[in-house]
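Go by the hints and put chain E onto chain B.
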Amino acid sequence: MIKFLFLIFFFSFKAFAALEVTIAQGKVEPTPIAITQVFGNDADTARYGNTIREIISNNLTNSGLFYTVNEDLYIQSDNLVEKVPRFEDWKLIKAQFLLSADVNKTDKGIQLRMRLYDVFNGTEIEKLQLTVPDEDLIRRVGHTVSDIVYERITGETGYFDTRIVYVSEVGPLDQRVKRLAIMDQDGHIESHQFLTDGKNLVLTPRFAPNNQTITYMEYKNNLPRVYIYDLLTGEREIVGDFPGMTFAPRFSPDSKSVVMSFSDPKTANSEIYLMDINTRSLERLTNDSGIDTSPSFSPDGEKIVFNSDRGGSPQIFTMNKDGTNIKRISKGRGVYGNPVWSPRGDLIAFVKNIKPNFYIGVMDTNGENERIIVQDFSLESPAWSPNGRYLIFYRQQRSNTDGTGGETSIHFIDITGYNERIIPTPRDGSDPAWSPLL
Amino acid sequence: MLKKLLLLVVAGFFLASCAATNTEQGGDVDAASSSTASGGDITAGTQEDLIINVGDRVFFEFDSSELTVDAQATLDAQAAWLQQYPDTNITIEGHADERGTREYNLALGDKRAFAVYSYLAQAGIDTNRLEYVSWGKERPEVIGSDETAYAQNRRGVTLVN
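So the sequence lines, in the order shown, correspond to chains B and E.
Just so we're aligned, residue -2 is where the first sequence starts under the numbering used here, counting upward by one.
Just so we're aligned, residue 70 is where the second sequence starts under the numbering used here, counting upward by one.
Any given hint could be a false lead.
Claimed, not checked - Now the in silico label distances, taken between C-beta atoms and shown as ranges:
hint : chain 1 : residue 1 : chain 2 : residue 2 : range
1    : E       : Gln191    : B       : Ile419    : 17 to 23 Å
2    : B       : Asn354    : E       : Asp110    : 45 to 51 Å
3    : B       : Pro169    : E       : Glu216    : 16 to 22 Å
4    : E       : Ile121    : B       : Ile419    : 44 to 50 Å
5    : B       : Gly309    : E       : Gln191    : 51 to 57 Å
6    : B       : Ile419    : E       : Glu216    : 27 to 33 Å
7    : E       : Thr137    : B       : Gly309    : 42 to 48 Å
8    : B       : Glu51     : E       : Glu216    : 43 to 49 Å
9    : B       : Leu279    : E       : Gln221    : 37 to 43 Å
As the list claims (entries may be wrong) - Pulled from the structure, derived: some chain B residues nowhere near chain E, Cβ distances all over 12 Å:
hint : residue
10   : Asp69
11   : Lys91
12   : Lys102
13   : Ser260
14   : Ser295
15   : Asn363
Source of the hints: derived by calculation from the structure; they are not laboratory data.
Here a beta-carbon is modelled for each residue, glycine too, at the ideal position from N, C-alpha and C.
Next up, chain B with everything else stripped away, as it sits in the complex (with noise of 0.2 Å):
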């Protein structure tokens, strides 16, 4: 059955912007949001309207730009949906925005409604129903939601209603079984499903950012090459037919084409190729003996940052689409890889080494502005959300001859370098990549 979500905008703003939000002026004060209970009329409802809110609230909260004011202080305890509120109770407790929402089950299925109010404007900001058939599709409801709070409160693109697909980690360090599995962006375990078996290595999963396909590397028969995995259909494809390494693949912004490395086996030379998913056409990028990896597209499809050796160490450049115009950007101490152009187009995210740390850090798109955003003995594997506001990676931690240590995690950060969090997996995690929204 094709499950769907029905959603009504009463009122159609163009971002509201009440709070604005830039990237560049450091920690942000979170904004105080009120959340009322999320009402229901039944047992069911009522469940539903707790999950709903708990979504709303954490992933609010979880975004470092609001909090939600505590519930034991709200004055008014009735469901505003359908009555004005008394905005002087909510200015009195500090309340800059304030959220009511109700679930009703209708012939359709299951119906909220929601409303966003402005307290120090006393105005309404935002009024929508959205219905879904069952109840599989409440934790999306609360997903949807908090993407419009955000967007309408922020004035930026929300990311809740999202995945995050990574590589699943178990067992020793030596004999890792790695698994792809993908869960939503809060790691909410409900959510969380394997889709290999872990009898063969995977690595670097990365979403199409306009579909929902997955490309990433597999070592199917210990021949390691680049695949495509459809999430709609289950389907899974090699990309193309090379005689050596295929690796570091990435989408191009219009999802039809994978940027990665070949290694011609007759040299192991690794050089940046494009290769068309349908027409099969293949465009070799660089020519040069050093090493030529981790390309990434610009989001407007004209330049590839790509990580090279060819000066001698490791380091940072950028390319026009047809492989012309190489400049190496990255001009700081250590050496640099994993470079990732950002969603907005202004940033490249990178991981650098100065011995014996690791960084994660952004830079303009010509290197200038260079800022280090976390730090560890061992972290890589950044990733935007779709918005570009926030970066997820993962950190490795040491690891000791007696077989223990080493574990991966993933985390969550503003690219601020703030409000930095876990995001739970049931196992270690590595290489997370986000999914555009759903």
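For chain E alone, kept in the frame of chain B given last:
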């Protein structure tokens, strides 16, 4: 904007319903491959023979795929051994230590495996007998976050097929 959102939402839910058919498979997979010797006589021309009497591996400097003098001596002995057992085919694995990005290390492991491959080929071993593969930093020999472990993990290993 609403139309687009609805479209995406429809696709997403279709996915959700399909995904339910994926089986959840718990449990670890046996990554079994017994490695070492059982004592007693060594059968000539086997992996065990190679390990004990020749040396199955060479080591590399940090971020380098150049064969050291020691490595070349080991590979000379491997070449002689391979000539002695002409029915033996091998796979060369290239590995890196954990101090580098995953993708760079895949490329580096590939260069290391290839360095061994080309040395053996130049020493007269038929390339039809040789294969190579990079494992990047995915399969360390020695667990540990120190230079002693790293030095043993930056390696090219010759495996009898």
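Here is how each hint holds up against the structure:
| no. | hint | result |
| --- | --- | --- |
| 1 | E:Gln191 <-> B:Ile419: 17 to 23 Å | 50 Å, violated |
| 2 | B:Asn354 <-> E:Asp110: 45 to 51 Å | 50 Å, holds |
| 3 | B:Pro169 <-> E:Glu216: 16 to 22 Å | 21 Å, holds |
| 4 | E:Ile121 <-> B:Ile419: 44 to 50 Å | 46 Å, holds |
| 5 | B:Gly309 <-> E:Gln191: 51 to 57 Å | 26 Å, violated |
| 6 | B:Ile419 <-> E:Glu216: 27 to 33 Å | 29 Å, holds |
| 7 | E:Thr137 <-> B:Gly309: 42 to 48 Å | 19 Å, violated |
| 8 | B:Glu51 <-> E:Glu216: 43 to 49 Å | 48 Å, holds |
| 9 | B:Leu279 <-> E:Gln221: 37 to 43 Å | 38 Å, holds |
| 10 | Asp69 | 35 Å, holds |
| 11 | Lys91 | 33 Å, holds |
| 12 | Lys102 | 19 Å, holds |
| 13 | Ser260 | 5 Å, violated |
| 14 | Ser295 | 19 Å, holds |
| 15 | Asn363 | 22 Å, holds |
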